[in-house]
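Protein chains in written order, with the working numbering: chain A, 1 to 334; chain B, 1 to 351; chain C, 1 to 252.
It is worth saying that the hints were derived from the structure and are not from the lab.
Backbone N, C-alpha and C define an ideal beta-carbon position, used for all residues, glycine too.
It is possible that some hints are incorrect.
[Stated by the list, open to error] Lysine to any residue pairs mimicking SDA-like chemistry, simulated, CA-CA at most 25 Å apart:
#  : chain 1 : residue 1 : chain 2 : residue 2
1  : B       : Lys72     : A       : Gly53
2  : A       : Lys224    : C       : His175
3  : C       : Lys2      : C       : Ala121
4  : B       : Lys192    : B       : Arg80
5  : C       : Lys206    : C       : Ala22
6  : C       : Lys231    : C       : Leu208
7  : B       : Lys61     : A       : Tyr31
8  : B       : Lys229    : A       : Leu183
9  : A       : Lys5      : C       : Glu62
10 : A       : Lys224    : C       : Leu208
11 : B       : Lys42     : A       : Pro32
12 : C       : Lys103    : A       : Leu183
13 : B       : Lys163    : B       : Pro201
14 : C       : Lys2      : A       : Thr172
15 : B       : Lys138    : A       : Gln304
16 : B       : Lys242    : A       : Ile166
17 : B       : Lys71     : A       : Gly230
[Said to hold, decoys possible] Listing some non-contacts, in silico: residues in chain A with all C-beta distances to chain B over 12 Å:
#  : residue
18 : Val59
19 : Arg60
20 : Met119
21 : Gln169
[As the list claims (entries may be wrong)] Computed list of chain C residues with no C-beta within reach of chain A, every gap over 12 Å:
#  : residue
22 : Val70
23 : His93
24 : Leu96
25 : Ala118
26 : Leu150
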Amino acid sequence: MQSSKAFITRQLALVIAVLALGVGSLSLGHYPLPLSEVFHQLTHYSQSSGIAGQVIWSVRLPRILMALLAGGALGLCGATLQGVFHNPLVDPHIIGVTSGSAFGGTLAILLGLDPLLMMGSTFFFGLSALILVYAVAALQGRENALVLILSGIILSGFFAALVSLIQYQADTEEVLPNIVFWLLGSFATANWHKVWMLAIPVSIAAAILFQLRWRINLLSLSDKDARAQGVSVVTLRRCVLFCCALLVAAQVAVSGSIAWVGLVIPHLARLLVGVDHRRLLPTAFLLGGGFMIIVDDIARTLMQAEIPIGIITALVGAPLFTVLLIHSSRRRRR
Amino acid sequence: MLTLRHIALVCASAFFASSAHADRMITDQLGRQVTIPDHVNKVVVLQHQTLNLLVQLDAQKDIAGVMTSWKKQLGPEFARFMPSITSLPTPGDLTEVNIESLLAIHPQVVFVANYAPEAMIQQIQNAGIPVVAVSLRKDADGQQDKMNPTMGDEEQAYNEGLKQGIRLIADVVERKAQGEELIKYTFDARAKFNAPVANIPDAKKVRVYMANPNLMTYGSGKYTGLMMKHAGAQNVAAASVKGARQVSLEQVLQWDPQVIFVQDRYPEVVSEIENDPNWQGIDAVKNHRVWLMPEYAKAWGYPMPEALAIGELWMAKKLYPDAYKNVDMDVQAQDYYQRFYRVNWQTNAKQ
Amino acid sequence: MKNGELRVQQLLYGHDSPLFEAMDFHCQRGEIWAVLGRNGLGKSTLLDTLTGFLKPLGGSIEQQGGVGIVAQHSHLPFPYLVSDVVLMGRAQHVRLFSQPGRKDKQAVIDALEQLNIAHLAACTFSSLSGGQQQLVMIARALVTASQTLLLDEPCAALDLANQQVVLQLISDLAHRQQRGIIFTTHDPVHALQVATHTLLLLPEGKWLAGATDSIVTEENMQQAYGLALRKFRVENYATPFIAPLFMINQVP
């Protein structure tokens, strides 16, 4: 299919495309800034460059970076989990971390916690959800992919019920709108603190997964098959799932729950570079990042107020997924 | 001759001249110390209660941006008081803001609700725009931004809170005189019109249920219950429900209110209740006492001056018409509307 | 113990309780062992135990040089390429956080060439025929560089031509490369044709092991399969044959 050289050039092109997209997005936004002003600000950074500089450096740039990291995290996580669970219809939510994080955030809003504590709560409950998934799996006596998926579904349902309970308890005029908006996901309050809070866990987890990318091919085999090749499936899978939990929990902590990206982006990536996870994982990261930048551009420019990201990813993601499925089934029939 | 006074005047004017572009410090209702420019004439309002107050303080020309959902919260009729509102930019809402749209307006101050997310307030502050949070509630220390506070004295909290809020807003937009006038008129009117029903014993108070869509209602801790109390009524939900919540039909059947009121902004609820077979067993429905309230009777969670001044009167007269035989509601409403909205009061035909 | 040897002593294996009496056999370099027995007796389970997937319930398994297995079915959730599939066999040779290197890729090419399927390297595994897929799986086992290879019913889904290919391959691997091969089959002819030794699994926990010709007899086969077989020789043919005498009742 593709030789190594062709792949590297394609990958480089993708990196450049995403970077160009990011830089281009710096010129988009409701605050009127002509392109020349954008370039000037980018090349002359100074502490007191007025509102124009502030818009570029404190509003748009951290937001674009956050979208890039969040989208990349979700794309990478989705591709990894689809491999680990031998199933291309898997979404990162399947490990229960998204629901756990959603609960952590919703609880924080109900209790009126400050943003830092809220991020901590989201992150904490997200990781706890994964630990609980393993606990439930342990109770079933086995730790194979099916058991983990079932446990994930159980925990997701449980935490979703808790979120509903909180929504029911919340004051409908004052707290509930807050919760609903947060649950839909948004990059509106992006700042450099949040970028760091996202960048650190994402870098660690992504670096680990990047190095393990060939092993994901092995994990995508049945447990028996993988063991037969000498892979210590259980330990490796725990490590991989933990990294995925880091990615998802960090993403939800800074921007609320965003659906569809983790499901659709890996399919798009497979169309571009094939199913070998050595190529798939980095491509999924880049495509996810680029996609999220585009979606966020829409979210902050289409209307005067902010549109929650989750709405756009669903409106774009569902039809896109349908098209991809149709395309791949046509390919198979040929 | 008047040398000393002259010198004093010269010194004073010099002092004021040098501080002409200085700022002043105010404390908002979240207890935050906020530095705002001396002269404020360009504000963005992301809270409907504050928007209503600004219009009544005759400050609408200083408003440069409003919240997206003003129509939903205040009713489309609000444009009557402020025709320019339909063309104003809408950079955000109660719980979110598009920071660039906001910056593009270059406002001097942004008014937000006390329950606006902390992250949103921080973001606006970090962009260099002062944020003033309004709650219309004066809680004990430490409970300022809680959603359903356990207020020892709800009455005190909302009375003082409303006054403090009006004074705060008036101070910011330099309409202090109008603020005081609004407060005086409101509380005087209330004292006068509450008197006839002030001493009704609890057992004789009319049992009232406030019906919002989807079985939502207001329990304790909200101004709604206080409004009913001042009108000589009792909020059936206050005993067991806290805050603005959804209740079950069973609960409403159990409470069996004698009167059901519906806010002006939800006219469809009246016909829903009257035509729903499940509600027919309730006293209020049986006796055709499901009433739509006029625009000024804002029985919201937050107190609005028109609700205190004439809303409570309307409710009291509706429940105890004998006590208010010689009070003409339309005259009272017209007086208020002329003074503070500067338009004529239009009777709501659905009443 | 030399490279390529697998010794089983007093082995008890099964899922909950031992399926057979304590087993002893020794597969040496260059030997080909056929494992015969009725369906469901425990042939595959034996292979699972020999690879370490299942823990033995008693006794010991000693091996030197690694044990590779070619499973009966391999379901891949994604349309991997043949070269990707074979490369997976290098898992034990690639460090945990490393990627496969030139040596690994060369091993893949070598294995594919050895099996004459190098031209299929860039095809999708799922687009291949059953026989070709089997060969790819064998190539994957080859790149593990294990000295002992286990094959689970390698001929089960193959037509006669492909069976020939696989049996020849088994012979080459053992005799030319001096590996030990153990394969399961339910056709005793395969054992007679290519296996040097046979392990026969009988009902009620009994088993027999030894040189193929002495194990694959009409008596033993009758005991194992419950029907009569005839062992015979064909002119100018090196190994004996055995054929089943099915009793088909024709309804008048």
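Structure-based check of all given hints:
1. Lys72/B with Gly53/A: Cα-Cα ~36 Å, so violated.
2. Lys224/A with His175/C: 29 Å, violated
3. Lys2/C with Ala121/C: 34 Å, violated
4. Lys192/B with Arg80/B: Violated: Lys192/B and Arg80/B sit about 29 Å apart, past 25 Å.
5. Lys206/C with Ala22/C: The hint holds at about 9 Å.
6. Lys231/C with Leu208/C: 18 Å, holds
7. Lys61/B with Tyr31/A: With a Cα-Cα distance of about 23 Å, the restraint between Lys61/B and Tyr31/A holds, given a limit of 25 Å.
8. Lys229/B with Leu183/A: 37 Å, violated
9. Lys5/A with Glu62/C: 45 Å, violated
10. Lys224/A with Leu208/C: Violated: Lys224/A and Leu208/C sit about 28 Å apart, past 25 Å.
11. Lys42/B with Pro32/A: 19 Å, holds
12. Lys103/C with Leu183/A: Given pair Lys103/C, Leu183/A is violated - Cα atoms ~50 Å apart, limit 25 Å.
13. Lys163/B with Pro201/B: 28 Å, violated
14. Lys2/C with Thr172/A: With a Cα-Cα distance of about 77 Å, the restraint between Lys2/C and Thr172/A is violated, given a limit of 25 Å.
15. Lys138/B with Gln304/A: Not satisfied, since the Cα-Cα distance of roughly 33 Å exceeds 25 Å.
16. Lys242/B with Ile166/A: Holds: Lys242/B and Ile166/A sit about 14 Å apart, inside 25 Å.
17. Lys71/B with Gly230/A: 66 Å, violated
18. Val59: Given a closest Cβ separation of 6 Å, the condition is violated.
19. Arg60: Nearest chain B Cβ is 8 Å from Arg60/A, so the label is violated.
20. Met119: 10 Å, violated
21. Gln169: 8 Å, violated
22. Val70: It is violated; Val70/C is separated from chain A by about 9 Å at its closest Cβ, not greater than 12 Å.
23. His93: Violated, because the least Cβ-Cβ distance between His93/C and chain A comes to about 9 Å, which does not exceed 12 Å.
24. Leu96: Check fails; 7 Å does not lie beyond 12 Å.
25. Ala118: The claim holds: Ala118/C sits with its nearest Cβ about 16 Å from chain A, beyond 12 Å.
26. Leu150: Nearest chain A Cβ is 9 Å from Leu150/C, so the label is violated.
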